[in-house]
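Number of protein chains: 2
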Amino acid sequence: MTEGTSTSGPSRRRFLGVALGSAGVAAAGSTGFGVARATEPGAPTASGPVPFYGEHQAGIATPAQDRLAFAAFDITTTDAQAVQTVLGSWAAAASRMTAGEAIGPTETAPQAPPVDTGEAFDLGPAGLTVTVGFGPSFFDGRFGLAGKRPAALADLPALPGDALDPARSNGDLCVQACANDPQVAFHVIRNFARIGRGTVVMRWSQLGFGRTSATSIAQQTPRNLMGFKDGTNNVKAEDAAELDQFVWVAGETDQPWMKGGSYLVTRRIRMLIESWDADYLGDQETIFGRRKDSGAPLTGRSEFDLVDLSAKAPGGSLVIDADAHIRLAAPSSHGGQRILRRGYSYTDGTDPQTGQLDAGLFFIAFQKDPRVQFVPIQRMLGQRDLLNEYIKHVGTGLFAVPPGLRKAGDWYGKSLFT
Amino acid sequence: MTEGTSTSGPSRRRFLGVALGSAGVAAAGSTGFGVARATEPGAPTASGPVPFYGEHQAGIATPAQDRLAFAAFDITTTDAQAVQTVLGSWAAAASRMTAGEAIGPTETAPQAPPVDTGEAFDLGPAGLTVTVGFGPSFFDGRFGLAGKRPAALADLPALPGDALDPARSNGDLCVQACANDPQVAFHVIRNFARIGRGTVVMRWSQLGFGRTSATSIAQQTPRNLMGFKDGTNNVKAEDAAELDQFVWVAGETDQPWMKGGSYLVTRRIRMLIESWDADYLGDQETIFGRRKDSGAPLTGRSEFDLVDLSAKAPGGSLVIDADAHIRLAAPSSHGGQRILRRGYSYTDGTDPQTGQLDAGLFFIAFQKDPRVQFVPIQRMLGQRDLLNEYIKHVGTGLFAVPPGLRKAGDWYGKSLFT
Chain W
1 MTEGTSTSGP SRRRFLGVAL GSAGVAAAGS TGFGVARATE PGAPTASGPV
51 PFYGEHQAGI ATPAQDRLAF AAFDITTTDA QAVQTVLGSW AAAASRMTAG
101 EAIGPTETAP QAPPVDTGEA FDLGPAGLTV TVGFGPSFFD GRFGLAGKRP
151 AALADLPALP GDALDPARSN GDLCVQACAN DPQVAFHVIR NFARIGRGTV
201 VMRWSQLGFG RTSATSIAQQ TPRNLMGFKD GTNNVKAEDA AELDQFVWVA
251 GETDQPWMKG GSYLVTRRIR MLIESWDADY LGDQETIFGR RKDSGAPLTG
301 RSEFDLVDLS AKAPGGSLVI DADAHIRLAA PSSHGGQRIL RRGYSYTDGT
351 DPQTGQLDAG LFFIAFQKDP RVQFVPIQRM LGQRDLLNEY IKHVGTGLFA
401 VPPGLRKAGD WYGKSLFT
Chain A
1001 MTEGTSTSGP SRRRFLGVAL GSAGVAAAGS TGFGVARATE PGAPTASGPV
1051 PFYGEHQAGI ATPAQDRLAF AAFDITTTDA QAVQTVLGSW AAAASRMTAG
1101 EAIGPTETAP QAPPVDTGEA FDLGPAGLTV TVGFGPSFFD GRFGLAGKRP
1151 AALADLPALP GDALDPARSN GDLCVQACAN DPQVAFHVIR NFARIGRGTV
1201 VMRWSQLGFG RTSATSIAQQ TPRNLMGFKD GTNNVKAEDA AELDQFVWVA
1251 GETDQPWMKG GSYLVTRRIR MLIESWDADY LGDQETIFGR RKDSGAPLTG
1301 RSEFDLVDLS AKAPGGSLVI DADAHIRLAA PSSHGGQRIL RRGYSYTDGT
1351 DPQTGQLDAG LFFIAFQKDP RVQFVPIQRM LGQRDLLNEY IKHVGTGLFA
1401 VPPGLRKAGD WYGKSLFT
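These protein sequences, in sequence, are chains W and A. Going by the working numbering, 327 is the number at position 327 of the first sequence; the sequence numbering is gapless. One gets the working numbering by counting positions in the second sequence from 1 and adding 1000 to each.
Hints may be right or wrong, so weigh each one.
[Unchecked claim] Only some residues are given here: those of chain A computed to face chain W with a beta carbon under 8 Å:
| hint | residue |
| --- | --- |
| 1 | PRO1110 |
| 2 | PRO1113 |
| 3 | GLY1118 |
| 4 | ALA1163 |
| 5 | ALA1167 |
| 6 | PRO1182 |
| 7 | ARG1194 |
| 8 | SER1205 |
| 9 | PHE1209 |
| 10 | GLY1227 |
| 11 | ASP1293 |
| 12 | ASP1348 |
| 13 | GLY1349 |
| 14 | THR1350 |
[Unchecked claim] Have a look at the derived ranges for each label pair, beta carbon to beta carbon:
| hint | chain 1 | residue 1 | chain 2 | residue 2 | range |
| --- | --- | --- | --- | --- | --- |
| 15 | A | GLY1198 | W | LYS392 | 21 to 31 Å |
| 16 | A | GLY1198 | W | PRO110 | 53 to 63 Å |
| 17 | W | GLU55 | A | ALA1163 | 21 to 31 Å |
| 18 | W | ASP351 | A | ASP1308 | 48 to 58 Å |
| 19 | A | THR1078 | W | ALA322 | 41 to 51 Å |
| 20 | A | ALA1250 | W | SER216 | 46 to 56 Å |
| 21 | W | ALA167 | A | THR1076 | 30 to 40 Å |
[Stated by the list, open to error] Computed footprint of chain A on chain W; a stretch qualifies when at least three of its residues, placed anywhere within it, have a C-beta under 8 Å from a C-beta of chain A:
| hint | region |
| --- | --- |
| 22 | 117–129 |
| 23 | 201–210 |
| 24 | 225–238 |
| 25 | 270–278 |
| 26 | 281–294 |
| 27 | 298–308 |
| 28 | 344–351 |
Don't read these hints as lab results, they were simulated from the structure. In this text, a Cβ means the ideal position worked out from N, Cα and C, and glycines have one as well.
Please model the entire structure based on the sequences and the hints provided.
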């Protein structure tokens, strides 16, 4: 309680001090997590903690949770020390929140604002993960870090079909908070914004629900808002070799501080729901290349049957259309390249102009190098995917996600600054 | 599968026919439901069905679920028959969705749009309830129903502190879908909009999460986004006498079609989160009249201790401030009147003008007569509540919620039209 007796009002240093004081608690008691979506009555939800410290940041290869709160921040200062203080305070706060704790004592003196905003008291860890990244603009020289920008963090080129809204795109920093309770996820974004006040300002944010890919063999493939199982063939957490090949940055990087990290691409993909819902079932299945009900590829009988891209119908035409989504997204169409998808559905009310639903997919993908993974994959999809008639890419983001923190006192990008 | 062989494309009649065909299934297998929020690791979630047919519509006195999808619709036709067809199709669809079923066969002919949009396949009932109501404008004479408008459905007067946005207010019809899975709740709004196409258009919609009141003794009081337990003294589902006294319309109504129904008031209450988070703990507790951590009234030690509004501190001042939220919202401040609150937190991203969070409470209250319940309560709160410094009422809605449907073939407002 002694921290709380200060009458000097809130300060950034105070957050850092309070939070670091017992950050070590986060590592203790971390046991594991269950499946991300309970589809059976009475099935357990993943309410336990996910370990915060480790080789990689959690929230990438850890099983996808049910809820997302994502935010991009711009830095409003050129004081590199202030930025480091925020990154350190964020790390300390994340270590506590992921353990299901408030970011500071919950009973402070009456003449001070509470350290924690309080709406997640009693809700437990709820499988929370917090993942932080740096956008290309972070390396524009304001903080003396122009030489630390990785080559793989090249600005995304213009891609076919882009209809991007700058107000929903990019940013100096990003925070991905995933949990099985939306209030727990939102709590992170709100407290990060609060901790960073005076140094960072929120540029855009996105809530998501109903993860759209399985990232673990134990997870069922969920459905996107088009009603299809998508991401069946996602890179899975259990396959360490695939993660090493496609997701984790290794020794070959030009920037050693990124070793063990990954590159995050976000795309806000609006679905033209009303048009889609008026489309014929057969056409919908042709577009995806899968059955809607079972999720089976059109060349198989059940969801995990092998996709036979060369199969032909009796008349000689391809069973899976030349421009079907499943074909164009397949690794074999991209020299074997794959990405780890971790997206969420979103619905943001109604478009005031049209009265139509503003809903779709907040696409999130992790990879070793977007230049040879996301960019060529999306270029081909943007040019040819049959799905393009029903979607629009309206937001974009690219972030370098540094490796995991190893112990209390570490902070995001420590090796970047030092 | 025979319905699916039609090649005439989608039609409203077809939805009705398909859905009514097996609407009776919904009533069978309805068993009950668990607590709404699982706070203990491994605690069961409420994934079973809530009975659809009954004396009252579900979603009022049934335990509050974790997620909300709410929509208001305007009617774009003067054809009363078309309106009845939509209301009948909605009822049939709701009876299926609340039983965890698609609204029609999931495998239709390839040359027809799927009857169900599909994103909730496999997710089960998830405790879904669907509650439909009629706004004052429904009785403006377009459908020959001006004489059926209940006196209690009087337009809400201007209230102190209102800052209402017409684009987020009112509507001819409303649909409240609550479930323990957001995709299941959203599925209702989307399919209702689709069923109603050509007859109704969505006016506004609202997603919510983390219910802010307990409506059952078995439910823990959750926290709002200010971090406080609010609604501790809500009317509870188990108290039939209170429900009869404060919630259900009885024989005294001037409109017999409303007997067994209730009146729904919605308010989108934006919280000025950043200001609130900078306020002192002591001040926050004075404003609510409760401790933040425990939820105990300032005159007690634990959440459910009696609120002693007359208690005085040694110096003679009131322990619970004269304008504390807990005092002004107390039944004793309103001649014993109470309401059934069933609100949800919302976060709708960032205010583009200020970069501040657009978040708060989507207030929902049910009552027997808003003229003597919500209106005087809110008038006093709007004038005096200490909380007013940190909130803004930006949206409003008032709806007459008819009684429950009794059997397959019934529909919303049937006795209103006949």
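To see whether the hints hold, each was checked on the structure:
no., hint, in the structure
1, PRO1110, "holds (3 Å)"
2, PRO1113, "holds (6 Å)"
3, GLY1118, "holds (2 Å)"
4, ALA1163, "violated (18 Å)"
5, ALA1167, "holds (6 Å)"
6, PRO1182, "holds (4 Å)"
7, ARG1194, "holds (5 Å)"
8, SER1205, "holds (5 Å)"
9, PHE1209, "holds (4 Å)"
10, GLY1227, "holds (2 Å)"
11, ASP1293, "holds (5 Å)"
12, ASP1348, "holds (7 Å)"
13, GLY1349, "holds (5 Å)"
14, THR1350, "holds (5 Å)"
15, A:GLY1198 - W:LYS392: 21 to 31 Å, "holds (25 Å)"
16, A:GLY1198 - W:PRO110: 53 to 63 Å, "holds (59 Å)"
17, W:GLU55 - A:ALA1163: 21 to 31 Å, "violated (50 Å)"
18, W:ASP351 - A:ASP1308: 48 to 58 Å, "holds (50 Å)"
19, A:THR1078 - W:ALA322: 41 to 51 Å, "holds (49 Å)"
20, A:ALA1250 - W:SER216: 46 to 56 Å, "holds (53 Å)"
21, W:ALA167 - A:THR1076: 30 to 40 Å, "holds (31 Å)"
22, 117–129, "holds (count 8)"
23, 201–210, "holds (count 9)"
24, 225–238, "holds (count 4)"
25, 270–278, "holds (count 4)"
26, 281–294, "holds (count 7)"
27, 298–308, "violated (count 0)"
28, 344–351, "holds (count 5)"
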